Amino acid sequence: MTSKYVLGYSAETVSEPILWRLVKDFDIRVNILRAEISPGQEGNLLVEFGVEEEEKLSRALSWLESIGVSWVSVSKRLFWDEDRCIDCGSCSGVCFSGAIVLDRTDWKLQVNRDLCVACGNCVKACPMGCFTLDFGEVS
Amino acid sequence: MSRTTKSWDEINQKLKEGKAVVITAEEAAQMASEEKPANFVQKVDVVTTGTFGAMCSSGMFINFGHPEPPIRMEHITIEGVPVFGGIAAVDAYIGATEVHPEDPRFGGAHIIQKLIEGEELLLKAHAKGTDCYPRKDIETYIHRDRVNEMILTNPRNAYQNYPAATNSSHRTLYTYMGTLLPSFLNINYSTSGCLSPLLNDPELRTIGIGSPVFLGGAVGSVAWNGTQFNTEKPTNERGIPLSNARTLMLVGNAKEMSSQWIRAAYYEKYGVTLYVGVGFAIPVLDEDLAYRVMVRNEDIQTTICDYAVDGHPPLGNISYAELMSGTVEFRGKKVRTAPLSSYRRARELAETLKSMVLSGAFPLIPPARPLPQRSTVQGLAIIRNRRTSR
Chain A
-14 MTSKYVLGYS AETVSEPILW RLVKDFDIRV NILRAEISPG QEGNLLVEFG
36 VEEEEKLSRA LSWLESIGVS WVSVSKRLFW DEDRCIDCGS CSGVCFSGAI
86 VLDRTDWKLQ VNRDLCVACG NCVKACPMGC FTLDFGEVS
Chain B
411 MSRTTKSWDE INQKLKEGKA VVITAEEAAQ MASEEKPANF VQKVDVVTTG
461 TFGAMCSSGM FINFGHPEPP IRMEHITIEG VPVFGGIAAV DAYIGATEVH
511 PEDPRFGGAH IIQKLIEGEE LLLKAHAKGT DCYPRKDIET YIHRDRVNEM
561 ILTNPRNAYQ NYPAATNSSH RTLYTYMGTL LPSFLNINYS TSGCLSPLLN
611 DPELRTIGIG SPVFLGGAVG SVAWNGTQFN TEKPTNERGI PLSNARTLML
661 VGNAKEMSSQ WIRAAYYEKY GVTLYVGVGF AIPVLDEDLA YRVMVRNEDI
711 QTTICDYAVD GHPPLGNISY AELMSGTVEF RGKKVRTAPL SSYRRARELA
761 ETLKSMVLSG AFPLIPPARP LPQRSTVQGL AIIRNRRTSR
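Residue numbers (the numbering used here), protein chains in the order written: chain A, -14 to 124; chain B, 411 to 800.
Wrong hints could be hidden among the right ones.
Stated by the list, open to error - Facing chain B, a subset of chain A residues (Cβ under 8 Å, in silico):
1) Arg6
2) Ile71
3) Asp72
4) Cys73
5) Ser75
6) Met113
Claimed, not checked - The calculated DSSO-like cross-link candidates involving lysine-lysine, where the alpha carbons are at most 30 Å apart (straight line), are:
7) A:Lys41 to A:Lys9
8) B:Lys538 to A:Lys109
9) B:Lys743 to A:Lys93
10) B:Lys416 to B:Lys446
11) B:Lys426 to B:Lys416
12) B:Lys524 to A:Lys93
13) A:Lys93 to B:Lys416
14) A:Lys61 to B:Lys679
15) B:Lys446 to B:Lys679
16) A:Lys93 to A:Lys109
17) A:Lys109 to B:Lys524
18) A:Lys109 to A:Lys61
19) B:Lys744 to A:Lys109
20) B:Lys744 to B:Lys524
21) A:Lys109 to B:Lys743
Worth flagging that the hints you see were computed from the coordinates, not collected in a lab.
These numbers were taken from a predicted model, which means no experiment stands behind them.
Beta carbons are placed, not taken as given, at the ideal position from N, Cα and C, and that holds for glycine.
Construct all of the structure, not just a fragment, from the sequences and the given hints.
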């Protein structure tokens, strides 16, 4: 199984070889999807963790927490106000993760939050303001 | 074999007798593979069209009623959004794209939608005070049921075709054509293809001044040609313009409209606009009109324009069948395409209009006068010195 997380690094932990430890000690396949680290400040890392056993994942997440790295599951960060949506599909052209697809038979928008990588493109593309990412705007 | 022609009266008579066949423009397009126009005109009487998309050039006249003592309103805001008050005492025009000075995401379109939905909105107006209109200030809440008229008056709606947009530059552009990603990563288009009203009657044989129109859920009228009305755009072999051509000025009673078909929208870093539901019922009077309404997405092309370059130069033509597929081959690579108008809602609108035609709620009336047969659009020249007339 794979799942996506946004890791929040604090200024103190940013020097630790976190990803190396995750691979070596926790047997996790790490795929970095996006990295944003502001100089001397906090950083955000969008990662995909692949594991064979769920138990390894929960151990890794606990360890991250213990060293001061916050994590939030990305699939829980995208909100789609379906009642407000008019199914225009403007968002579908800028979603490269496959999370947002416009069905070309019934022309209804399909949103799969599990595929979302929190790029924020849909938030800006939607003329009706249907999408929100709960950590705000991602540049 | 004699050619079939039908008059408006004959079609209306069939409607009255419950014998008329009314279908949507999408259903008409599907029949194109099996039927010839000569058969189609015998089988089908009316074809309904529809679109639900952003139409910036929209707005609403409102008459607030006179307070006691009366005021000749000059500087007017509704919920902080400036509205145009340079018309008589208590008339105003709410422009859809006008924005709140402190909130660029909130504007006239939202005011229009909220009034239609029956919300109470704060009206503030200031005046200099005159002998006949002594009041200088007013602050009150207005509501749909307490104002005299709410007349949606849109100077340019239902564009006959519109170019698709892409971006050659290395930065993301935020435009009225939506988000355009760098290096031709996507193409956006705005027309509802074979359902689009003016693509089903490209020479406006059945649409003119006075024509009934489905406007925002009500039955409105074509008031005039729309602004930037252009009959001279290049056309394809079916006579369909390859880019934005004719437009319509539409009016209707906003008190009868619904926010299902009138919706405020905001385009990132561009501004506020109004989504308007527009549809026409086209009578199939003869073989020529049958041929027109049977138009399929593959029969309609539009121009792809580069929004990264001044003047949005054309980069080529593309059919709506390709655009609507979701990916197109463009400059040697696969490019994603996305619509800005809702095809699902366009379909729903055409279906709604079909029921309205069948029940008699939407009248079929020939235009009182035709729209211009020839009209071009000019740019705005920068002239430094006033030209003297000769």
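Now for the hints, and whether the structure bears them out:
Of the supplied interface hints, the one on Arg6 (chain A) is violated, with its beta-carbon coming no nearer than about 36 Å to a beta-carbon of chain B, more than 8 Å. With a cut of 8 Å, the hint placing Ile71 (chain A) at the interface with chain B holds, because the nearest CB-to-CB distance is about 5 Å. For Asp72 (chain A), the suggested interface contact is upheld, since its CB lies about 4 Å from the closest CB of chain B, less than 8 Å. Interface hint status for Cys73 (chain A): upheld, as the beta-carbon distance to the closest one in chain B is roughly 4 Å, under 8 Å.
Hint status for Ser75 (chain A) relative to chain B: holds, with the closest Cβ pair at about 5 Å, below 8 Å. For Met113 (chain A), the shortest C-beta to C-beta distance to chain B is roughly 6 Å, which falls under 8 Å, so the interface hint holds. Distance check on the hinted pair: Lys41 (chain A) and Lys9 (chain A) sit about 12 Å apart at the alpha-carbon level, within 30 Å; holds. The suggested pairing of Lys538 (chain B) with Lys109 (chain A) is violated, with an alpha-carbon distance near 43 Å, which exceeds 30 Å.
Distance check on the hinted pair: Lys743 (chain B) and Lys93 (chain A) sit about 26 Å apart at the alpha-carbon level, within 30 Å; holds. Between Lys416 (chain B) and Lys446 (chain B) the CA atoms are separated by roughly 17 Å; this keeps the pair inside 30 Å, and the hint holds. In summary, the hint linking Lys426 (chain B) to Lys416 (chain B) is supported, as the alpha carbons are separated by about 15 Å, within the 30 Å threshold. Restraint check: the Cα-Cα separation between Lys524 (chain B) and Lys93 (chain A) comes to about 26 Å, which is no more than 30 Å; the hinted pair holds.
Of the pairs offered as hints, the one joining Lys93 (chain A) and Lys416 (chain B) is violated, with about 38 Å between alpha carbons and a cut-off of 30 Å exceeded. Restraint check: the Cα-Cα separation between Lys61 (chain A) and Lys679 (chain B) comes to about 27 Å, which is no more than 30 Å; the hinted pair holds. At most 30 Å may separate the alpha-carbon atoms for a hinted pair to count; Lys446 (chain B) and Lys679 (chain B) exceed this at roughly 48 Å. The straight-line distance between the Cα atoms of Lys93 (chain A) and Lys109 (chain A) is roughly 20 Å, inside the 30 Å bound, and the hint therefore holds.
The hinted pair formed by Lys109 (chain A) and Lys524 (chain B) meets the criterion: a straight-line CA distance of about 23 Å does not exceed 30 Å. About 19 Å separates the Cα atoms of Lys109 (chain A) and Lys61 (chain A), which keeps this hinted pair within 30 Å; it holds. Distance restraint check for Lys744 (chain B) and Lys109 (chain A): the Cα-Cα separation of roughly 23 Å lies within the 30 Å cut-off, and the hinted pair is therefore satisfied. Taking the CA atoms of Lys744 (chain B) and Lys524 (chain B), the gap is about 41 Å. The hint is violated against a cut of 30 Å.
Distance hint between Lys109 (chain A) and Lys743 (chain B) is fulfilled; the C-alpha atoms sit about 25 Å from each other, no more than 30 Å.
Comparing the model with each earlier hint shows violations of hints 1, 8, 13, 15, 20; every other hint is respected.
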